[in-house]
Amino acid sequence: MKPSSGPGGQPVMLSLFVFAVAALLFGSPLRHLWLREGASWYQPFAVWLGVIVLGAWAARRSAP
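1 is the number of the first residue of the sequence shown in the UniProt record's numbering; add one for each residue after it.
No lab work stands behind these hints, which were simulated from the structure alone.
The beta carbon of each residue, even a glycine, is placed where N, CA and C say it ideally should be.
Careful: at least some of the hints might be erroneous.
[As the list claims (entries may be wrong)] Pair by pair, the computed Cβ-Cβ distance ranges are:
| # | residue 1 | residue 2 | range |
| --- | --- | --- | --- |
| 1 | Leu-49 | Gly-27 | 17 to 23 Å |
| 2 | Leu-49 | Ser-28 | 17 to 23 Å |
| 3 | Tyr-42 | Phe-17 | 21 to 27 Å |
| 4 | Pro-11 | Leu-35 | 27 to 33 Å |
Work out the full structure: start from the sequences and follow the hints.
Below you can see the structure in the form of structure tokens.
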């Protein structure tokens, strides 16, 4: 397998990082921390906002 170094490697790694963070937040038992009973109404929206901001950062960083 070819390593992801060079001009095309960094955007791929950033995208995979954002995907891994989103999968961890939405697909693991960690989601029970921000979906628990009695949590603030805005906590799920804050988590989504964090994923969107992280994705926008990765896209801006990988743009030429």
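* Asked: Okay, which hints does this one fail, numbers in order?
  -> none
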